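Chains as they are written, first to last, in this note's numbering: chain A, 72 to 324; chain B, 209 to 527.
Heads up, a few of these hints could be off.
[As the list claims (entries may be wrong)] Pulled a few chain B residues facing chain A out of the computed Cβ check, cut under 7 Å:
| id | residue |
| --- | --- |
| 1 | A412 |
| 2 | S414 |
| 3 | S418 |
| 4 | F419 |
| 5 | R421 |
| 6 | I423 |
[Said to hold, decoys possible] Below are the SDA-like pairs computed for lysine to any residue, each with C-alpha atoms no more than 20 Å apart in a straight line:
| id | chain 1 | residue 1 | chain 2 | residue 2 |
| --- | --- | --- | --- | --- |
| 7 | B | K429 | A | K240 |
| 8 | A | K255 | A | E244 |
| 9 | B | K429 | A | T141 |
| 10 | B | K473 | A | L179 |
| 11 | A | K134 | A | N107 |
| 12 | A | K240 | A | G209 |
| 13 | A | K287 | A | G77 |
| 14 | A | K74 | A | N257 |
| 15 | B | K473 | A | D183 |
| 16 | B | K472 | A | G132 |
| 17 | A | K281 | A | K297 |
| 18 | A | K97 | A | G132 |
| 19 | B | K213 | B | A225 |
| 20 | B | K472 | A | H201 |
| 21 | B | K429 | A | Q176 |
| 22 | B | K333 | A | N155 |
| 23 | B | K472 | A | Q176 |
| 24 | B | K333 | A | T122 |
| 25 | B | K472 | A | T175 |
No wet-lab data here; the hints were simulated from the structure. Predicted model, so just to flag it, every value in this text is computed and none were measured. Using N, Cα and C, we set each Cβ at its ideal position, and we do this for glycine too.
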Amino acid sequence: MIKLTGLSKKYGKTFVVRDASALFPKGEVTSVIGPNGAGKSTLLSMASRLTGSDAGVVLIGEKLLAQWDTRELARHLAVLRQSNSINMRFTIRELVSFGRFPHTQGRLHDNDNNIIDNALEHLGITDFQHRYIDELSGGQRQMAFIAMVVAQDTDYVFLDEPLNNLDIKHSVEIMHTLRDLAHKLNKAVVIVIHDINFASCYSDRIVAMKQGEVIKEGTVAEVVCKEVMESIYEIPFDIQEIGNQRICLYYNS
Amino acid sequence: MFFYKRLLAGLILLLIAAVSLFIGVADISLASLLSGDQQTWSITLVSRIPRLLAIVLAGAGLSVAGLIMQQVTQNRFASPSTVGTIDCALLGYVVGLVLFSDASQWTLLGVIFAFAVSGTMIFVKFLQRLQFKNAVLVPLIGIMYGNVVSAVTTFFAYRFDLTQSMSAWTTANFASVLQGSYEVLYLAVPVCVLAYLYASQFSAASIGESFARNIGLDFEKIVLIGVALVAVSSASVVMIVGVIPFLGLIVPNIVSLFMGDNMKKILPWTAYWGMVLVLACDILGRLVIFPYEMPVSLIISIFGGGVFIYLVLRDKANA
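From just these sequences and the hints, can you work out the full model?
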């Protein structure tokens with residue numbers, strides 16, 4: 072489990088994240104939602120040591136983030152941001168192999184190759200594993216990066232906007248994969264996501280943020296409700312229950 | 209298949225190396241070598257073999273330096289000659305000569321190296337702060353930066369009467385390489401070995417800072433190691449042979465076109481093609497106006513300029 076307590080981050084005098092607390096349990100998908108500039112990505116970066124925090128603590132497993140050795144942490148926590156360069160020419164397999172680096176420091180054994188094969192298989196990209204990532208579509212490329220995180224085989228998986236610019240088919244496939252990682256392999260999966268209906272249908276927990284603060288945190292039923300959604304997005308919401316799924320309607324507001 | 213490819217590559221290198229050994233004003237033939245002719249042997253040992261080794265070391269060293277530079281800056285057009293490394297090395301050379309006029313070769317190399325590292329680091333830090341994604345701008349800004357630095361160098365050179373020696377460094381020429389004067393170039397060997405050991409880490413850094421940190425790497429440290437290796441390699445080449453433009457830019461890019469960017473895989477080939485290219489250009493430079501020589505930097509500039517334009521256009525087409 073990962074527990075954030077009172078996390079804050081300031082740029083100059085403005086708070087990007089202020090006194091945020093949240094819980095990311097193992098075996099569950101947690102979605103962080105909120106409007107642009109709510110501090111979602113910053114929260115994710117602080118929780119995964121990519122950005123330092125100005126106040127607050129992050130507890131990862133039984134140790135505080137500050138006590139983790141960064142190499143050791145890479146075997147327990149994987150984080151994927153949107154800022155990766157796609158100009159460099161690596162094949163999908165080479166990219167996915169980087170996921171094994173924390174475990175092997177660069178030397179792949181048979182065991183690692185099996186894990187890489189399984190990750191490629193899992194994401195359905197085995198057939199073009201030898202193609203370069205700069206030749207792929209956005210969806211295939213995202214599958215490759217997620218396969219790399221799968222190969223890293225960590226207890227905690229953080230993804231910043233994994234559905235960014237993807238079509239519906241790839242979005243659904245990725246959300247299925249993430250849910251499997253949480254439910255079948257007992258990982259804690261945390262995603263920053265803009266599509267609230269994907270969040271609602273595929274998450275176990277939701278953290279709703281606005282202007283750097285966590286407004287509401289809890290199960291889908293607790294967070295995806297008219298009051299919370301209207302307060303964070305500042306537009307009228309109609310929330311329908313369709314076959315056990317809560318769907319937000321906000322198109323005609 | 210794989211083995212034959214390597215064997216063929218090795219044979220080609222040996223062949224060009226042999227050609228290089230037997231070209232020159234003094235006539236050297238296999239027969240005279242075999243007959244143990246004293247003068248032939250002394251020319252071979254004092255001039256031809258050192259020249260060959262210098263070419264091979266400089267070619268491999270600069271190409272690998274370019275490859276490292278491209279990976280740590282995540283930019284295809286970065287290389288010792290497009291991010292100011294070589295201009296800073298030259299500034300270091302002039303400052304070194306002025307401050308420690310009777311210093312040993314190694315002190316001088318230290319000063320050059322210090323200037324090359326810090327000058328490159330300034331540019332790399334600057335790049336990391338910029339958020340634009342247009343890859344072609346990087347070499348443009350880098351070349352401008354290099355020109356500003358070289359203006360300072362020229363100023364000092366004028367003040368201390370060093371302009372004549374300066375022109376000798378800015379055009380690379382292997383003709384002056386003799387036994388006892390080129391050994392600093394052996395620094396290329398540890399540079400290549402270290403680059404190979406850090407290859408996976410450089411490659412991870414080339415995908416992105418957060419990508420590298422995610423797999424537990426210290427991004428800043430990798431960049432610093434990379435820049436230091438680039439600086440050692442470029443500094444030694446500048447000091448012994450002079451400036452060989454474009455080499456660190458075109459060789460890694462051509463190799464990457466065919467083999468991708470996985471450094472562990474392409475590093476040996478980058479070094480190999482660097483050697484072959486410089487050897488070939490040097491041979492050409494020696495033959496064009498035989499028995500006189502054209503500086504190797506001139507030949508490489510003509511060839512490299514063309515490839516550079518092709519790469520820029522190709523990048524535009526993809527973007």
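* Asked: Which hint numbers does the structure go against, in order from smallest to largest?
  -> Numbers 7, 11, 16 - these are the hints that the structure violates, sorted from lowest upward.
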